[in-house]
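S.K.: Here's the letter readout for the chains.
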Amino acid sequence: MTVLPKCLTGIQGLDEITGGGLPQGRPTLVCGGAGCGKTLLAAEFLVRGAAQFGEPGVLIAFEETEAELKANVASLGFDLTGLVRRKKIVIDYVHIEPGDFEESGDYDLEGLFVRLGHAIDSIGAKRVVLDTLEALFAGLRNEAIVRAELRRLFRWLKGKGVTAVITAERGHDHQLTRHGLEEYVSDCVILLDHRVNDQIATRHLRVVKYRGALHGTNEFPFLIGDEGLSVLPITSLGLNHKISSERIGTGIPRLDAMLGGRGFFRGSSILLTGTPGTGKTIVAANFAEAACQRGERALFFSFEESPNQIVRNMHSIGMRLEPLVKRGLLRFHSARPSLYGLEMHLATMFKEIATFQPHVVIVDPITSLMDAGTDSECKGMVTRLIDYLKAGQVTSMFTSLTQGGHALAQSESAMSSLMDAWILLQDFEGNGERNRVLYVLKARGMAHSNQIREFLISHRGIDVVDAYIGPSGVLTGSARAAQNALEKAAVLASQQEAAQLKREVERKRKALDRQIGDLRSDYESEALELRRIAEQVGTRTFVLGTERAASGLLRQADTKVAAITRGNPRQGRKK
Amino acid sequence: MMKTKTVSRRASASPRQPAQLWQLRLYVMGQTPKSLMAFSNLKKICESHLKGRYRIAVIDLMKQPQLAKGDQILAVPTVVRKLPKPVRTIIGNLSDTARVLVGLDLRAAV
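Chains as they are written, first to last, in numbering that gives the first Met the number 0: chain A, 0 to 574; chain B, 0 to 109.
Hints are computed from structural coordinates only; laboratory data are not their basis.
Take the hints with a grain of salt, since some may be wrong.
[Said to hold, decoys possible] BS3-like, lysine-lysine: derived pairs with alpha carbons at most 25 Å apart: (1) A/K87 x B/K68; (2) A/K69 x A/K87; (3) B/K68 x A/K157; (4) B/K68 x A/K86; (5) A/K350 x A/K325; (6) A/K86 x B/K62; (7) B/K42 x B/K62; (8) A/K69 x A/K350; (9) A/K157 x B/K62; (10) B/K43 x B/K81; (11) A/K241 x A/K378; (12) B/K68 x A/K69; (13) A/K378 x A/K350; (14) B/K50 x B/K84; (15) A/K350 x A/K241; (16) B/K62 x A/K159; (17) B/K81 x B/K50; (18) A/K157 x A/K87; (19) A/K87 x A/K5; (20) A/K487 x A/K501; (21) B/K42 x B/K81; (22) A/K208 x A/K5; (23) A/K86 x A/K69; (24) A/K159 x B/K68.
Okay, chain A solo, but in the shape it has when bound (with noise of 0.2 Å):
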């Protein structure tokens, strides 16, 4: 089985997309609408081949003259007069307006053959671009012929054996082409497309056909940038990229030291949440100062702060960042979100990131930039930018302004699974204010702290303290405080209240003492007493045994009766 020939574009990442390029030899038809950039995409394919691969090339040009086409893309950096002095490339200015000829009777469009055939030759042209065709429909009156001859004409090209890029204007309903060009052209079909989406348009690329090969069937938002096109496709770069096992601080001790002890991974990403002042970018200023004071450039993106203010804010903590200006080690980028596409802001970042070459990017914050596109675009930008960031190992901190409780947007749980660092940083309001805390909710390859810290900013900078952590829950700022004063006085209340439990205890075995005391002089004197009562009775009882002895005597008493009732009482009473 053979495989089918591929002609690289040199278009960032539309070789991707396609496997390696536009099918060789045969001819690739890309469809539009208006300023959707055909054109560029075409003359990008033939300048990158005249100046990358060795393959000169031919434009037919319908639409622009050559002067034209030569401003057009100059202004892309493609240097088209060059390579047309140099004889790489030969661009043919196709004047065709309507009315501008009479026709009568028969003809065929051989003289335009004639010019692509002789341009080819001239210069041994393996690419052709034909910009854009439709033209002819609208300057040639009969139809029919122009069909035969596009037929004709593409059959000729692949019978020349060229690359060709063939231009068209979309269609209305589900046309692609306006004039059905596409059933000419079957071999790759690439529609493109610009978009609005809440007031901000972003081009799109998708690769509707490309017969005999896999191709990405999806639609990737592409740029045009500085230096062309560049197509965006996420799963263009590999996972691939080299990992450095070094560690850089965050410029928070206590920070680091959650974090295995040693701070981040050099070439990591990392992602800092947190709602509404919270302090995202002071964290991330002090990683930018942090990185410049270790000798790093350092790249600030700003979405939401000029460079002077952010500048001066960060004076109020006691952060000095504009001698790290002065020394060329910390550079601010400002823009605002809304400026303009996603697409471009993309290719300024990697334009600055380019020229800069910053060990550290902070994007502060990524967030606004997400209303700058749909969610899934934002995410390709965030990944592909994470990617570039990776392969040069910058270290790369976003944060990200989450709208308060703690559900996190879909963006972020999305985006969260790129980054290899998550630090969240929240807000507790409680006792009439607000506190900060800090923790970290990944961070891949290192053993990481587990707990809440409280988080302070003071005119001293930042400082991240044990937050209290007790039955009642997290306690941060006067509570903790309170909670603290509340603690030892329960420790003193508690020490007061054994002392007065031991005096107590004291005071009742005294008391039980005296008791004792009491119970036994009472019991003595009891004692004492009944001793002398006996004594009484002992002697009473001799006294009247004598005296009643010496009566009975006198009365002369049964005695001996008198004895027994006294031995059997009742017997006694019932007598």
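Starting from the known structure of chain A, arrange chain B on it as the hints suggest.
M.R.: Showing chain B alone in chain A's frame:
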């Protein structure tokens, strides 16, 4: 007749009009029936309307492809009226005489 690259027909100026030479170029692609037909049609029209004051240059793009660019030739056969100004172009085998006359702006001269 087609073998000659340039065919000239020149005659004395018409008494009513001052002599003005018409320069026509016929671009063809080899000696195809279409080319020959275009040439004979053009010649017929010129003979009847411009007798004696026209010149037809036949350019075979098969032999001189580089000339196609100059007159913005796209279709063949193509007749280009170089003189009198402005330049006018007619494409086709010129079988529709009325259209040719419109194209060459010969109506007035009829």
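S.K.: State for each hint whether it applies.
M.R.: Here is how each hint holds up against the structure:
| no. | hint | result |
| --- | --- | --- |
| 1 | A/K87 x B/K68 | 19 Å, holds |
| 2 | A/K69 x A/K87 | 14 Å, holds |
| 3 | B/K68 x A/K157 | 23 Å, holds |
| 4 | B/K68 x A/K86 | 17 Å, holds |
| 5 | A/K350 x A/K325 | 21 Å, holds |
| 6 | A/K86 x B/K62 | 22 Å, holds |
| 7 | B/K42 x B/K62 | 22 Å, holds |
| 8 | A/K69 x A/K350 | 23 Å, holds |
| 9 | A/K157 x B/K62 | 23 Å, holds |
| 10 | B/K43 x B/K81 | 19 Å, holds |
| 11 | A/K241 x A/K378 | 22 Å, holds |
| 12 | B/K68 x A/K69 | 18 Å, holds |
| 13 | A/K378 x A/K350 | 20 Å, holds |
| 14 | B/K50 x B/K84 | 19 Å, holds |
| 15 | A/K350 x A/K241 | 22 Å, holds |
| 16 | B/K62 x A/K159 | 19 Å, holds |
| 17 | B/K81 x B/K50 | 17 Å, holds |
| 18 | A/K157 x A/K87 | 21 Å, holds |
| 19 | A/K87 x A/K5 | 21 Å, holds |
| 20 | A/K487 x A/K501 | 21 Å, holds |
| 21 | B/K42 x B/K81 | 16 Å, holds |
| 22 | A/K208 x A/K5 | 15 Å, holds |
| 23 | A/K86 x A/K69 | 14 Å, holds |
| 24 | A/K159 x B/K68 | 20 Å, holds |
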